[in-house]
Every structure is written in C-alpha cells, then in structure tokens.
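Q: Those sequence lines, one after another, are chains P and U. Counting in my numbering, the final residue of the first sequence is number 538, and the numbers go up one at a time with none missing. Counting in my numbering, the final residue of the second sequence is number 176, and the numbers go up one at a time with none missing.
Calculated directly from the structure, the hints in this document are not laboratory data. Careful, some of the hints might be misleading.
As the list claims (entries may be wrong) - Short, incomplete list of chain P residues facing chain U, as computed with Cβ under 8 Å: (1) 175; (2) 177; (3) 182; (4) 239; (5) 240; (6) 263; (7) 264; (8) 340; (9) 400; (10) 445; (11) 518.
Said to hold, decoys possible - Covered, in the sense of this in silico footprint (three residues per stretch, anywhere, with C-beta under 8 Å from a C-beta of chain U), are these stretches of chain P: (12) 253–260; (13) 273–286.
Note that beta-carbon positions come from the ideal geometry of N, C-alpha and C, so glycine has one too.
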Amino acid sequence: MKKTIILLFMCLSLVSVGAVSAYEGLGNVEIHGFISQGYIQSTDYDYSGIKTEDGSFEFNEMGINFSTTPADGLRLGAQFFARDMGELGNDNIELDWAYGDYRVNNYLGIRAGKVKIALGLYNETRDVDAVRTSIMLPNAIYVEQNRDVYAGLKGVGAYGELPGGFSYQLAYGVGGVSAESNLLIDMATIMEDRLKTGIQSAAAAAYEAGALQLGLPAAIAAAYGQQQGELAAAEVSVESPSSATPLNTQNASLQWAPRFVDGLRLSGTWLFTEIETTMNISTPNLTLAGVNGGNTVTTAVNIDNVSSIVGSVEYTRGDTILSAEYNMIRVDIGNVLINGNPTDIATTEVIGWAVSASHRFTYWFELGAYYSDWNTNVRDRHGKDFEALQGNRHREERWMRDTCLTTRFDLNENWIFKLEGHYMNGLDDVDFGNDPDPDPHWYLFASKLSYSF
Amino acid sequence: MKKILIFMLFFVSLGGFFVTPTFAKVLIIANNSVSQESLNKEDLQNIFLGKMAKWSDNTSIYFVTSENEVHEDFLKTYINRSSSQFRNYWRKMVFTGKGQKPKALNSDEEIIQFVSETTGAIGYVSTDAALKNVKTITVN
C-alpha cells in the first residue's frame with residue numbers, strides 16, 4: 086500500500102507540473118506516465134476475479150517511466166507499473182520493463198534487461214488504456230489472468246527493419262508467471278478432468294470384474310462397476326498450483342507492412358515458455374480394486390511447453406482501423422508421478438479469435454466494436470465431456486464469447502473517458518457460486534477515466 | 037443489367053477506398069550533412085515512426101515534428117496516419133520503452149533552425165517557408 090501511494094504521489098506531482106506532455110527536467114531524462122480509474126459492473130455473477138455483480142472500482146492501473154539517451158544510438162529506460170483487477174495486482178508495484186537498447190543500424194538493434202513480450206498486435210501495450218479504443222481488450226487474445234506469463238521476460242533481445250517492409254523482434258530469457266495465472270488454474274481443472282475420466286473407467290472395470298467373479302449377473306455387475314467408478318471419480322481432485330516458477334522463455338515476432346497496400350499490417354508472433362509448478366493431487370483408495378491411491382500427494386508438475394502463436398492482420402484507412410487476430414495456446418505436461426505411478430496428462434490446446442473495428446468521428450469521439458471468441462479446450466469445444474463429469478459443471482464454462490460496443494472521448498490530449506458494454510455468452514472465468522442452473526447470457530458494463538503524459 | 041451495375045458500383049467504390057489522393061503542401065527538409073537527395077515514401081514513414089534510425093551512411097537520424105497546421109497534411113500525405121493515430125503510435129513507443137517522444141516545434145522557422153543546426157536532422161515545413169541552410173528532400 087505504501088509503495089502504491091509513493092507511485093501515485095510521483096504521478097500526481099508530475100501532473101501538477103502543469104499542462105505539459107512530458108517532464109524533461111532532469112538533464113535529458115524524459116518522464117512519462119499514465120493513471121486510470123475504472124468502474125465495472127455485470128448483470129449476473131462475478132467475472133474475472135472482480136466483484137462485478139455488485140459493481141467494483143477495483144479496476145485501475147498506473148505506470149511511470151524514465152528514459153534517457155546517454156550516447157548516440159543508446160537508450161536506457163525503466164517503467165514501474167501497478168494495477169488492481171479484483172483478485173489480481175492489488176496495486177503492488179512491479180518493474181514492468183527496464184532495459185538498455187543499442188541501435189547498431191537499421192537492420193539490427195540489441196536490448197538487454199527486462200523487455201516486453203511481443204504477442205499479437207497489442208500485448209506490449211495491454212496495460213496502457215490511452216492507446217486503444219476499448220477499455221478491455223478481446224479476452225480471446227489478451228487473457229487478463231495470464232498477464233503474468235505474457236507481460237515480459239528478463240534476458241536479451243534483437244530487433245530491426247528488413248527490406249520489403251518486414252520488421253522483427255527476438256527475445257530470450259526467463260519469463261514471468263504466478264500461481265494465480267489462469268493458464269495454470271485451467272491446467273489444474275483439465276488435469277482433474279482427465280484423472281477423473283481415467284480413474285472412473287479403471288475403477289468401473291475393476292469392480293465390474295470383481296462382481297462377475299463373485300457370480301453376480303452381468304447387468305448387476307456392470308451397474309455396480311459404474312456406481313463404484315463414479316464414486317471413485319468424485320474423490321479425485323487437483324488443486325490449483327501452490328507455487329509456480331518460470332524457466333526458459335523465447336519470443337519471436339515478424340511483421341510485414343506490404344508496400345502495395347498502404348495501412349495493411351500482417352503479424353505473426355510466437356512465445357515459448359517452460360513453467361515449474363507444485364500441485365496437490367488427491368486420488369481415491371481403490372486398493373480393493375487393485376488401483377493404488379487413497380491419499381493426497383504434493384507433487385511437482387513441470388509444464389514442459391506453454392507455446393502461444395498469434396496471427397494478426399490490421400488495416401488502417403483514414404480514421405478507421407480494422408483488425409482480426411487468431412490465438413492458439415498449446416500446453417504440454419510431462420508425466421506426473423501420482424502415488425509413484427507416472428501418469429500422462431498429455432497436451433491441451435486452447436484457441437481464441439477476435440475481430441474488431443473502430444472509427445474516429447471527430448477529434449474527441451471514437452466508436453469501436455469487437456467480437457471475441459475464447460474456447461478453453463479445443464478437444465472438448467462444446468463442453469460435453471466437461472459437463473458429463475460429476476459436480477456442478479456446465480458446458481458453457483468451456484467458452485466465453487464477448488460482443489463489445491465501446492466509445493472513447495478524448496477530453497484533451499491527456500484526459501480520456503471511455504464507456505463500453507459487453508454482451509457475454511459463456512461462463513469461463515465466471516463465479517456463479519452454487520447456482521445449479523447459471524444463465525450463460527449476461528451483460529457487463531465498464532467505464533474508465535485515464536490520464537497520460 | 038442491374039447486377040452488372042451493382043458489380044460496377046462495387047468496384048468503383050473499392051477504387052475510391054484504396055486510392056489515396058495526395059495534396060502535398062509540405063516540403064521535406066534535411067540538414068546539409070545528409071548525403072541523400074531523395075527518399076521513398078516507405079523510408080519517410082519509417083523515419084517518422086522511429087523504425088529507421090540511420091541514414092544510408094549509418095549516421096544517426098534526428099527527426100523533428102511540427103505543431104502547426106502543416107503537421108496534419110504531412111501525416112496524411114506521407115505517413116498515412118491522422119494526428120490522433122500518430123500520437124497513439126508514439127504513446128505505444130514511449131510506454132514500451134521503444135522510443136522517446138518526437139521533438140515537436142511550433143513554427144517553420146524553429147524547424148528550419150533546428151534542422152540547419154543538427155547533423156543528420158530531417159523535418160518538414162510548409163511550401164511557402166523561407167528556407168535557409170537546409171536542403172530539400174524529394175519524396176518518390
């Protein structure tokens with residue numbers, strides 16, 4: 086809290102310097118910053134870890150950066166950042182980026198330090214409200230709960246411009262992650278589903294065979310097996326990670342702005358990272374059926390590969406911007422040791438896509454819209470397998486489809502006010518409590534006031 | 037016949053959508069140290085978007101923008117961006133650490149003075165500005 090107040094005080098004291106667009110009072114050190122405060126409310130349930138049903142002001146971000154050019158071609162800078170999104174951020178200050186940048190020539194520049202990860206068209210600027218039309222970016226591409234994984238990496242990088250309108254960015258180092266990342270929570274759910282399915286069928290077969298050996302009729306043995314399988318599956322649980330450590334991370338981006346169509350930009354970006362986690366996994370006691378278990382183990386779960394590929398196209402014509410993006414996240418988990426038995430959790434693929442349009446009508450008014458479609462498991466796209474498992478599960482938890490209409494009002498060069506509405510179809514990342522029949526169709530409203538300099 | 041008319045109308049409207057009328061009321065000027073006499077539009081875009089940082093002899097480029105009415109003409113004619121899009125672009129650069137906010141001066145006279153005194157500098161002024169100790173750059 087104290088740190089947040091310091092950051093806020095720094096921002097406000099710089100704002101009080103006057104109606105300047107930047108502060109350049111420390112030699113050639115430039116200082117820029119942004120601060121925004123929003124309000125978010127939904128018609129049903131809480132969304133994305135925020136108490137949206139009651140309405141919430143826990144919806145803000147702020148940042149301040151310092152940069153200087155001590156020598157020709159060399160630039161040094163750092164940005165501090167804090168945000169609050171319900172359970173996420175809580176206004177804790179973090180080092181957003183801090184690196185040295187040396188431009189060798191037009192084809193090659195070198196960076197070292199903590200750099201932003203290039204993913205899709207807008208990941209690098211996802212925290213800066215002032216640079217886009219909407220308040221919330223399409224969740225199918227820019228998952229807020231995964232920001233820790235996608236925000237930045239510590240290491241080295243290269244970038245440059247190539248002939249023909251191509252530009253590239255490469256980075257290698259150690260990424261970021263937290264145990265609260267949605268990616269890991271989703272992985273725990275998927276692991277649990279797969280363990281339940283496996284144990285249910287193994288237990289059902291074992292108990293059915295045992296019943297047949299005792300001389301019970303086949304139909305009764307099958308029903309008994311089925312019942313015992315369901316009971317066994319109900320005892321399986323995989324808790325969300327208690328810890329998570331990022332390892333090797335690689336990032337690459339290639340953009341092409343073809344000469345023959347002014348305003349067209351094509352982009353392909355790729356991120357690869359390894360994450361080491363620890364999870365609590367509980368399995369049932371099935372000794373009678375010849376299946377080991379009956380205890381809870383805390384086990385290391387190494388995610389060998391989280392790779393994200395985003396393909397994007399953006400077309401700018403005058404005051405109109407159109408864009409489309411496709412996102413594919415693939416997660417590979419190696420064998421997990423459960424009660425000494427290597428258990429293959431295999432691979433999961435998550436996909437999302439979004440299309441958006443915005444138009445600036447006057448200096449002060451911009452209107453935009455987007456549609457975003459997010460599916461948390463490409464193997465179970467319609468959630469039928471998920472719903473078939475025991476518990477208060479609904480197939481709509483597998484997706485989130487968001488139709489957004491947004492407005493932006495530039496009060497002046499520094500102040501921006503935004504207002505937007507979302508029609509949501511889905512229950513992913515929605516807290517519907519114990520509601521046995523949650524309505525997957527609901528509305529979300531957000532407003533935000535931002536200042537940047 | 038009706039379908040043909042609709043088809044033609046569609047293509048005429050597409051033509052209007054993709055062809056950019058250019059009304060250059062802007063002169064591109066550079067410091068006399070700059071060896072290049074001309075630039076293509078793509079290079080000029082890359083310079084003012086901070087992507088091209090070196091001249092062909094690998095000396096550094098210093099560009100300056102204008103805060104007067106010539107700014108909008110320059111952006112529309114050569115950079116294919118409105119002033120709000122240009123401002124947003126540089127906000128992105130500033131808040132990701134990829135660049136510092138471009139230097140902006142109020143008048144043609146100030147821009148001419150800055151460009152004439154800064155090795156490797158490039159800027160733009162209105163066509164009726166009185167040029168002194170700078171060279172003009174042709175845009176292909």
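Q: If a hint holds in the structure, say so; if it does not, say that too.
A: Hint-by-hint comparison with the structure:
1. 175: violated (22 Å)
2. 177: violated (19 Å)
3. 182: holds (5 Å)
4. 239: Violated. Min distance 14 Å.
5. 240: violated (15 Å)
6. 263: violated (22 Å)
7. 264: Violated - the Cβ of residue 264/P stays beyond 8 Å from chain U, reaching only about 27 Å at its closest.
8. 340: Since the shortest Cβ distance to chain U is 10 Å, the answer is violated.
9. 400: This hint is violated: residue 400/P lies away from chain U, its Cβ roughly 10 Å from the closest one there, beyond 8 Å.
10. 445: Result: holds, 6 Å to nearest chain U Cβ.
11. 518: violated (38 Å)
12. 253–260: It is violated, with 0 qualifying residues against the three required.
13. 273–286: violated (count 0)
Consistency note: the structure conflicts with the earlier hints numbered 1, 2, 4, 5, 6, 7, 8, 9, 11, 12, 13.
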